[in-house]
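Protein chains in written order, with the working numbering: chain E, 1 to 325; chain U, 1001 to 1421; chain G, 2001 to 2324.
Hint data in this document are derived by calculation from the structure and do not stem from the laboratory. Idealized CB from N, CA, C, for every residue including glycine. A couple of the hints might just be wrong.
[Unchecked claim] Computed, partial: chain E to chain G, Cβ under 7 Å:
#1 96
#2 103
#3 104
#4 165
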Amino acid sequence: MAEITFREALNQAMAEEMQRDENVYLMGEEVGYYNGAYKVSQGLMEKFGASRVIDTPIAELGFAGVGIGSAMVGLRPIIEMMTFNFSILALDQIINNAAKLRYMSGGQFKIPIVFRGPGGSAHMLAAQHSQCLDPWFCNVPGLIVMTPSTPYDGKGMLKTAIRDDNPVIFIESESMYGFKGEVPEEEYLIPIGVGDIKRGGSDITLVAWNKMVHVAMEAAAILEKEDIEAEVIDPRTLKPLDEQMIVTSVEKTNRCVVIEEGWPYAGVGAEIAARISALAFDSLDAPILRVSSEDLPMPYAHNLEKEVLPSVDKVVRAAKKVLYI
Amino acid sequence: MAIQVTMPKLSDTMEMGLISKWLKKEGDAIDAGEVIAEAESDKSTMELEAFDSGILRKILVPDGGKVAVGGVIAIIAAADEDISELLQQKPKNQTAKSTEPPPSQTEEKSKPSAVPVPAPEPAPRSSDFADDELLTTGSVRIKASPLARKMAQDEKLDLHKINGTGTGGRIIRRDILSYQEKSAGTESPAGQPGAEPQEIRLNTMRETITKRMVLSKTTIPHFYVTMEFDMDPLIEFRKMLNASQVALRVSYNDLLIKACALALKSQPAVNASFANNMIIRHRRIDIGVAVAVEDGLITPVVRNADGKSIGQINGEMREMAERAKERKLTPTEYTNATFTISNLGMYDVDSFTAIINPPEAAILAVGGIKTVPVVVDGQIKVGNRMKVTLACDHRAIDGATAALFLRELKKLIENPFTLVL
Amino acid sequence: MAKAKLDKEKLLWMYRMMLLIRRFEERTAQMYGMQKIGGFCHLYIGQEAVGVGTVAAMKKGDYLISAYRDHGHILAMGTDPKPVMAELFGKATGVSKGKGGSMHLFDNEKGYMGGHGIVGGQIPLATGMAFAIRYKKSNQVVVCSFGEGAVHQGAFHESLNLAKLWNLPVVYLIENNRYGMGTPLERASAVWDLSQKACSYDMARATVDGMDVLQVNEAMKEAIERARQENQPTLIEARTYRFRGHSMSDPVHSHYRTKEEVEEQKERDPISSFQAYLLDKKILTKKMADTIEDEIKKEVMDAVKFAEESPLPSLESRFSDVYA
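Use the sequences and the hints to build the structure in full.
In structure tokens, the structure reads:
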């Protein structure tokens, strides 16, 4: 198996799907001539031409709507948000149109569209360019929200997202684009709504996604030195959530810490905690804790930024707290 | 200015306090110095005074509620003052030992109340574990994790019997498992309804006794010296004393207190404490006397007993013992003794050994006065004898010192006129 | 009245359709008053010439998309009044299975891409459909209708820029009925000649009398031709007037416009003037007009009856159509 970077994996997924279906096209700011702000679309324009890899002006609301309109009449757009911070400008189109047109029309339309790009924190970019908006999208019925943590998952999940007939919010991570991982040559797909146990264990369940998976894995390694076996679950798809996988794990470990990069208030962690307490209440030996970003706009200074974000140390402490040690 | 009323430290050993009864209710006007509630420490029931005037706006720990020392029990404020911030706030200086408030706090308190209170800082509570909000105080509900509750239900276990070791005393899985393991061997024969033992939860006094006696017996190297006293002279002496004044009812204890005080004066090595790897020899002679009360015992202290007359000692003891039974003693009245007497004579006990009340270095266990055949000048006669056993902390006192003390005590008891010299 | 360049059949279709919309809307108002219809309900009365003149210029396969004042548009696109009325009634037989209501009528098969509730929200969608037409190199055209209130939205400007930048076959149609709810154009727009907005994007433009179905039709034909042949967008402003309130909950006239103004505008009634024109040209006779009136009355009553008798959506149906 070849070891490739996250951005290469995503690039392969798009290239393969564009090759496979001519209705698939990529649109966004700097995706074509510039080869992508983060080089995820590197070489695609050369391969598929300017008619299928389309540079847009800086008009997120406009081109998000263009994507949705084209999906209403049969195309399968991939709309790249240079970062998900800018998707806020397109929210009316995403929430009011992409998510609802099928329902409002009584099922007359399919909206096969992927909105993808990096989300979450980045390094010293301050409040407007460094934030995790996962729960915003998860709150909306009609959307699917996927967020991979490894190159392998990224490729298999993006291919699935492109082939799905529903609007998919596909949240990547700027700081993970360079991460390397093994990706097989042959084609594979990772289904929507199926999580992955990144590490087995029987003492505590750690639920994390996107780059928080790596924080959780590091914490699990530290806990292992103290003979604590943590199970790390990556739901991969946040909506719909693989609640069965989480519940099964908590039934075994009796305790859970959710690690999320988003803000705590009404976040995905809160949703997961609510589901566990509804579905596995009698299995809980401790409260479900969340390690989230602090309820603050992201500060610029590195020391402050580090403090605000979830960390391995915070996860270890939370784990010990629910383990009563 | 809104004020948080906190649970005061009512005794040196007190960690938790129990609100036995609120004497004021929410909405009542309070004057500084007024008694607002009764609280039970590990030793006694105390009256809680308000230090500030205002309206009792909120009672946070209800009757019967337990709270750690320093925990907020109520809020006193002006009638229309916004107390929402205080309700969320943790008490200041919760664990500080000093009675002097830190300067910053004084400064804050002296701010005129007309100054607008700044908007509360947003509390960045990102991680649930960041503070110990899970430790709730004031609740006497049994805390158990859902899993522990389920296990207890399935196994038909009574959670009251299980000790919780989780956060804030929460009963968790491991507690259920260890309880099951322990009780596996000692299961009482099934099918005998009504034969189950009665389980009694510890009150704060019993908790303190438990803690301190275990500490004493497990960390202090005790040794015991017993001696028998001829009590005939003391019996005569007491008769004479009580006959001399109609109002006087001198007890053997009163006489023992005085005798011990004088013996300690001549053997100051026994009037000592052992603490922080040091022997502390006290100049004062303060004698505690164990008084049995419901569910426990308490030791009112006669201060400077060596300098007090038997009449004075009698008056103080009578008064304190009465209040002890009503649990109305103040901490200064039952703490900081330098020596303790425990007398079980009234229960027909021959002799017994007592456990030292740390940090004191010795305790005298007093048996009953027995009429026995005694040999006097080679003749068998009928006499009255009493056995006392001195328990000593060997770190502070050696055997010979203990013996010297008892010999001195014997001399005093058997020559009671020396007690009034 | 503009000079007709159309055959008799087309002219009669236009007349009939305008009248159908008028009678349908009048009945809708009645049903709303009887609480058969709920929610926001915006009537097209007074603006019929714009929708009908537009659709008369379109070909089968072309797309029309509009805002929430959409009853007229879906009828003009050829959808049977029965499922339209049923949708207003919130019935399972409605065009959107009772999930859309008055503001969200759709008929994908007929090329009616929906009534959209967020002002200006459909403009990027229309642009996207035009993008798809170019992408697939097909020969369709998209017409996107919206009120004059929408031209102040960013979505409008972003879309016009993209349409011109990418040469998309789309016609943007401003149905200027003078009021964005209770705010007259003069109090909302720095520019009152709205087709001027096209100049910023170097786009073709036209301004027409929206009460003259033939004028609307002429301008639309030209714009659609430009889109179909040259892949060039056009912005048309049709100056029309709504005879009713903004929605059913808004009075016909209140402090924002006088009764006199509304009465004066009714002199421009697009249906009576077109009828007069057709009678004058002997395309229509009094007798024919009466027959048409009777047929339409029956058609609308049938629609009401159908809606009335249709079942409510099953409770389980609320879970379907969320995801494909």
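Practice task
Under 7 Å, Cβ to Cβ, is where residue 104 of chain E needs to be relative to chain G, so tell me if that hint holds or is violated.
Solution key: Since chain G brings a Cβ to about 4 Å from residue 104 of chain E, closer than 7 Å, the hint holds.
Practice task
Classify the hint on residue 96 of chain E as holds or violated, based on whether any CB of chain G lies nearer than 7 Å to its CB.
Solution key: Because about 5 Å separates residue 96 of chain E from the closest Cβ in chain G, which is inside the 7 Å limit, the hint holds.
Problem - Hinted contact residue 103 of chain E with chain G - closest CB pair below 7 Å - result: Given a least distance of 5 Å, the restraint on residue 103 of chain E holds.
Exercise for the section: Could you check if residue 165 of chain E really has its C-beta closer than 7 Å to a C-beta on chain G? Expected result: Since the shortest Cβ distance to chain G is 4 Å, the answer is holds.
Every hint from the earlier list agrees with this structure, and none is contradicted.
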